[in-house]
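S.K.: Chains as they are written, first to last, in the numbering used here: chain A, 1 to 392; chain B, 1001 to 1396; chain C, 2001 to 2479.
These are computed hints drawn from the structure, not numbers from a lab.
It is possible that some hints are incorrect.
What the hints assert, rightly or not - Taking lysine-lysine and the DSS-like style, the derived pairs with C-alpha atoms no more than 25 angstroms apart in a straight line are:
id, chain 1, residue 1, chain 2, residue 2
1, A, K252, C, K2397
2, C, K2233, C, K2207
3, A, K17, A, K67
4, C, K2138, C, K2199
5, A, K67, B, K1254
6, C, K2233, C, K2206
Computed from a predicted structure; not experimentally measured.
Each chain is listed here by its residues.
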Amino acid sequence: MESIRDRVAIIGMGTTKVGERWEAGHEDLLFEACSEALADAKIEPRDIDAGYVGGVSATQTLNRVLKLDYIPVSGMENACSTGADVFRNAAFAVASGMYDIVIAAAAGKQKDAGTTGIDMAGDPSTVGMEAMVHNGSVPRHFGLYATRYMHHYGYTFEQLKYTLARIAVKNHHNGTLNPKAHFQKEITMEDAINAPFIAWPLGLYDCCANIDGGACAILARPEVARRIRDDYVLVKGIGLSSGWREGRMSQKYNFTMFPENVAAAEQAYGQAGIKDPVAELSHVQLHDAFTVNELVDYEDVGIAPRGKAPHLVKEGYFEMDGKIPVNTDGGLKCTGHPVPATGLKQLNESYHQVQGTAGPRQVKNVRYSLAHSQGGLTGSFSSLVTILGPRD
Amino acid sequence: MNGKVAIVGMGCSVAGVRSQCSQEDLLVEAGVAAIDAAGITSADIEASWFGCTSVSANHALLNFSLKLGYTAMTKVSNAGATGADALRAAYVAVASGAYDIVLAAGVEKPTDGGYSDFAEGDPLSMGSSAVGADAVVGEFRPPVHSALYLTRYANAFAVPPERLRSALTKLVTRSRRAGARNPKAGFRTPVREDEVTSSPLSVAPLTVLDCSQALDGAAAAIVCSVATAKRLRRRYIVVEGLGVASGGLEGRVKQSYDYTSIPETRIAAERAYAMAGITDPAQEIGHAQIFDLTTAAELLAYEDLGLAPRGKAVEAVLNGDFEPEGRIPTNTDGGLLSNGYQAGAAGLRQLYEAYLQLTDRAGERQIPDLRRSVVHTVGGAVGSFTALVQVVGRPQ
Amino acid sequence: MAGITEFGAYVPIHRLGPGTEGWTATAERAVANFDEDSITMAVAAVGDCLKGMDRTAIDGLYLASTTVPYEEKQGSTLVAVASDLSDNIFTSDVGHSLRSGTLALTMALDAASSGRVRNCVVVASDSRLGPPGSAFEKTSGDGAAAIVVGSGGELAVLEATVSVSNEIMDVWRPSGDTTVRSWEERFVQQEGYLDSVQKVVEQLAKKTGRTLDSFDRIVLFAPDARRHAEAVKLLGIARPKLQDPLFDRLGNTGAAFALMQLVAALEQASPGESILVINYGDGADALVFRTTAALAERRRDRNRGMRGHLESKLTIPAYSEYLRWRGLLSEDSGVRRPNLSGPSAAALHREQDQVLRFYAVRCHQCGTVMYPPQRICVDCRARDQFDSVRLVGEPAKLFTYSMDYIAGTVDVPLVLTIVDWENGARAVLMMTDRDTERIAVEMPVEVTFRLARSGGGIKNYYWKAAPLRELFVAEPAGV
């Protein structure tokens, strides 16, 4: 095995404005995101050798939208971490030497499904427990973790709600600094704590919204990137770990952590050569589909000790001026969750932070940035941890 | 990538209406066989790519079925080419050096939907956002797409209907004979010529027997570097060429698109042959596995893959070029006509026959002195496809 | 002669009663939850009856009900499988009459006496619907009773049966209708109920020479308390001999009513008692049982029975909630997209063991128990080396939970749980029959068979978690 470190460069990225994009279809969103990435990379569609897209039935859409002439396009899916996995597969394609420039793109048109919040539909061939798991809303799956986390570490309900509210308030504040965010308003602790329950113990402000949006990354081998721009960003490590429904079957699974996150972070740190995440990471993007995820993720990626994240949250450790700013773009909380594109959207913030182009959200002296994505339901997820860093 | 990636073990389920089996059961049937053939354990697998078009088969299904622990898994979705695209992702990852031993697997369980043809709930449909032209295309059954090409092809090359019919019939009888000799085929009864011509029309001029049916099945491959394959001391095959091309719906918008050929297949084949160093495919390839969703699709593919001269596919077929004892034995496992259509597994199942042939395990179907096979898979719908062409061969 | 060898019952936990806002009747009624029907209640009653018994010995099952889910297709096969009975059994649905409970019991006793079956379960279960606000709604209840019939070890033996039939449109429900209709009240009472019970008592005297004062206990079906009182007066039954008809706590449970009262009578009876059961519906049945010495040996706490089920309850806060359960009050905002098609018949059939029987597997190699059944062990990775283990009735507790307020289901909040069994198995389940104020991590739970998402004309059933029923015992036992 050969580490991916420094073998793949990002030469351009783009995202759409996220939101209720009634005026835009799936193709429009894809076009908007890809156009911004192409402009950022200052290349033309004809320079692209291969494409990776997220979601079902989207492979030919990419070529249609960008008028790419019969380039190879693969379709990838990995639940809510689809965008990040599309990026990973594109990175492998670059590293394999088969292609010089590869595009990774995805768009989510969630609002065409006629639902608000996060909703799922069933499939007739699943019956019994799986059908039950897949029917109904998503937040209840994460309420399971909040309940057990509280019980396991002996936090009171009030302490839990306070901690989750602090995370929501932080992300809302960060969202006000992001012109592409869906929500751009501050909320108060009272707003968050007293919000109606969505999936007890989670309330309204603990949950992100499924909305429309797209994102795109253009990757190249560093020697190609060098010819295109000076401030390209390097991939330092990518880890992916997928669950096997352990949490639904095995009593060994404890519902206070996500083992997939831990395994993915370990792989990525290993490739990037990061020994002490707290000391070496300057910025982190965590998949806060629900505030409780962000809470548990702090511990899973090793930037908070087990069971202690609530204390760090209270100190403001993860705020814009804290030790490790997390979700500087407002997180999924404010930038929403255009499902197939979300992973790329996470990477977009890390890319700009490393590049120093994050505008009012710019964290000082960023070296390594971590972008995390997580998809799945109760007891089984796919987690990706990608570390980006500057060119040397 | 040429010559760097190997397939060191494969497994394939019996195709059919497997009512007693779930997707998990089929994956275990194929996956365990692949793992055993490679002489590894499930703990040796570092990452996997999983092909399946069912929305319920979420990312965890493969890891869950085979208990692969917390390894990396990606679900691949590329319509009819889904299984082949899973293979491609595995090849690319191994070629990049990111992993040493990976798994590509696919499954499809269409009969749980209660249909055996492709009526509603078609895996090719465009989803809830489809309106207008996309919605119309999504409602067509797959044979409709290939019939459009066949009509134009016959017109362009002035093929008389009887002659065209004879060629298509010959493909059906050949594939069903091959299926009868394949213990894993879904249809294991040969059909006579008159049965083909007298069977009900599906999409004119194609009869029901010209079209494959949706059947349940799974297939799996262990992919690794050639160096690792040597170390494992098992019979393996080598990926010599890989070509992929995706359309951009040209056939639905451009008048220059001629409907006598699938450009994606042609371009993918060119790329694969270039990588494999093949200049004359008709001479250098000894066996072909062609995506025969219908006999019409197979007929056109001979030309696009360079196995028959332009406009001469009918003649080549009638000449017996693609019979077991012909110039390039094709679909020796019975093809999709005998094995059914399983989007998630199709490309893998097709490769399985090449793997058996090139490791001398094809039994009574064995082609003597075979050195190289081409495997062709297509997904998509009228005017826009993704084609994958793989050239696989014996180790040097 | 064959007799009753075991018995059990099921009463839903929910009550409409004085504590229910908008409910005008004074009496309490037991009503099925939104996810219960005659099938699920029958499964619960059979489970109660067969608790701790060898189910492989059962070779017949009769399901008596006027409310089975399908016009064509048996309910008894579904009940048999969900009750984990063998496939090699005789199954039959007996329906179309309020008398179907005693008819099924009679047929089963005949079959056992003839030797055609050895151990046959008779289960009567009903959940009839009346128009909202009707008198019928105020007096009817939902529930089920299960009785095992066989030879050897009888707790009560059958001494006589008499039937009369009466062709009359007094109470009926045309095919396709959901609610029960009836003719004018005095006609129904005079020409229907009173006439038939009087005739069957006369026939009983003629055939056996026995008069009502010769019985120790009398179970008398009646549509409601007032008509029950009229019949008692007409027949001259002495009050102390009358089995409590439970109109104040249960309501008329239709085809299940007479057998539920019989089960209650057997729970209270001493050895050597003579019990008369009079049932009504398109005529009347009279069954005479005599309890045996074996009844004294039967442990009353071996199952919940009528007593255990009646003393645990949850009052429905508002009548409108009940109407929502029955689909009589739609609160559907209409903005959600419609559900997809129903479950796959092929998948349901294939996965019967895990979905209906609720089997987990235990690994031969390492002993780990896992649900759903696996091909490869979650722990030691052994392939295809498993035994089946049924999780129903096994001790379990709640590992963690959440409460979904936007699920779009009838029971908001929808409670999602992770359940851990003492034997090592784990499952993700929805929770039903719960009081959201009283859910806690580590609380003991049980599983119960319920209706799940349905569609495409297929009723889909699955198991849910519920707090142990005893959590809801309002008063100490024995009141």
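S.K.: If a hint holds in the structure, say so; if it does not, say that too.
M.R.: Results for each hint:
1. A:K252 - C:K2397: 15 angstroms, holds
2. C:K2233 - C:K2207: With a Cα-Cα distance of about 23 angstroms, the restraint between K2233 (chain C) and K2207 (chain C) holds, given a limit of 25 angstroms.
3. A:K17 - A:K67: At roughly 23 angstroms apart (the allowed maximum being 25 angstroms), K67 (chain A) and K17 (chain A) satisfy the hint.
4. C:K2138 - C:K2199: 29 angstroms, violated
5. A:K67 - B:K1254: With a Cα-Cα distance of about 12 angstroms, the restraint between K67 (chain A) and K1254 (chain B) holds, given a limit of 25 angstroms.
6. C:K2233 - C:K2206: Distance of about 21 angstroms is within 25 angstroms: holds.
The structure fails to meet hint 4 from the earlier list, while all remaining hints are met.
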